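Trainee: Sequences are here, hints too, so could you generate the full structure?
Residue strings, one per chain:
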Amino acid sequence: RKEVEQDPGPFNVPEGATVAFNCTYSNSASQSFFWYRQDCRKEPKLLMSVYSSGNEDGRFTAQLNRASQYISLLIRDSKLSDSATYLCVVNYNTGGFKTIFGAGTRLFVKA
Amino acid sequence: DTEVTQTPKHLVMGMTNKKSLKCEQHMGHRAMYWYKQKAKKPPELMFVYSYEKLSINESVPSRFSPECPNSSLLNLHLHALQPEDSALYLCASSQDQQPWGGYTFGSGTRLTVV
Numbered sequence: 001r002k003e004v005e006q007d008p009g010p011f012n013v014p015e016g017a018t019v020a021f022n023c024t025y026s027n028s029a030s031q032s033f034f035w036y037r038q039d040c041r042k043e044p045k046l047l048m049s050v051y052s053s054g055n056e057d058g059r060f061t062a063q064l065n066r067a068s069q070y071i072s073l074l075i076r077d078s079k080l081s082d083s084a085t086y087l088c089v090v091n092y093n094t095g096g097f098k099t100i101f102g103a104g105t106r107l108f109v110k111a
Numbered sequence: 001d002t003e004v005t006q007t008p009k010h011l012v013m014g015m016t017n018k019k020s021l022k023c024e025q026h027m028g029h030r031a032m033y034w035y036k037q038k039a040k041k042p043p044e045l046m047f048v049y050s051y052e053k054l055s056i057n058e059s060v061p062s063r064f065s066p067e068c069p070n071s072s073l074l075n076l077h078l079h080a081l082q083p084e085d086s087a088l089y090l091c092a093s094s095q096d097q098q099p100w101g102g103y104t105f106g107s108g109t110r111l112t113v114v
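Line by line, the protein sequences give chains A and B.
Using the numbering used here, the letters of the first sequence map in sequence onto residues 1 to 111.
Using the numbering used here, the letters of the second sequence map in sequence onto residues 1 to 114.
Think of the hints as simulated: they come from the structure by calculation, not from any bench.
Watch out, some of these pointers could steer you wrong.
[What the hints assert, rightly or not] Keeping only pairs whose Cα atoms sit at most 25 angstroms apart, straight-line, the calculated BS3-like set for lysine-lysine is:
| id | chain 1 | residue 1 | chain 2 | residue 2 |
| --- | --- | --- | --- | --- |
| 1 | A | 98 | A | 2 |
| 2 | A | 42 | B | 38 |
| 3 | A | 42 | B | 53 |
| 4 | B | 40 | B | 53 |
| 5 | A | 45 | B | 18 |
| 6 | A | 45 | B | 36 |
| 7 | B | 9 | B | 36 |
| 8 | B | 40 | A | 45 |
| 9 | A | 2 | B | 41 |
[Stated by the list, open to error] Rough simulated footprint, nothing fancy, chain A against chain B, three-plus residues with beta-carbon under 8 angstroms:
| id | segment |
| --- | --- |
| 10 | 11-22 |
| 11 | 42-50 |
| 12 | 65-74 |
The model shown is predicted, which means the values in this text are computed figures rather than measured ones.
All C-beta atoms in this analysis are idealised placements derived from N, C-alpha and C, irrespective of residue type, glycine included.
Mentor: See below:
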């Protein structure tokens, strides 16, 4: 089982749709969680940190479920410019700090 | 200044060449990283520098040699690379080696080995 797993997609949605991505992690000692966005042939950019209480930034909402060991990202009112790959990132510190990237979920938003 | 700057943006090199990738940040971050990313794959960690000392080397072949001249600069020296080393090389920084606040990535160097 991979340490961090994401549905690779692609997700093809129309503009204005709501889309949700999940990411599961295997290490229960995981301590911090992030969503990054990566456009084609560009660098990853930090989209949001994910907190236990859930957090929202405009059209984006991130949730963490420690009991089930998954994080989610909800995008409301999708825009064409949201088309990108979304990477889930998990940090843990057991015998040394480690950062694990998920393989990414591709999103295409169509007009 | 909230950027990580990488040069060059593109590099084509022969298998016998020696070249260097450069990375600079002025955010006062004390940890800097080299990642390698192949197409449609997530970034893979190569090296971590913390307070200018190499703290992690993820079993990277010796044809890749990192250097951290000071707290703002990170280099990656390349020698005798193979075509399979062609990839996007990303530099990143974080406040310290435990990036609870996440990374800031540079825009990367797209390397082609011919």
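Trainee: Need the list of violated hint numbers for this structure, in ascending order.
Mentor: Failing hints, ascending: 3, 4, 5, 10 and 12.
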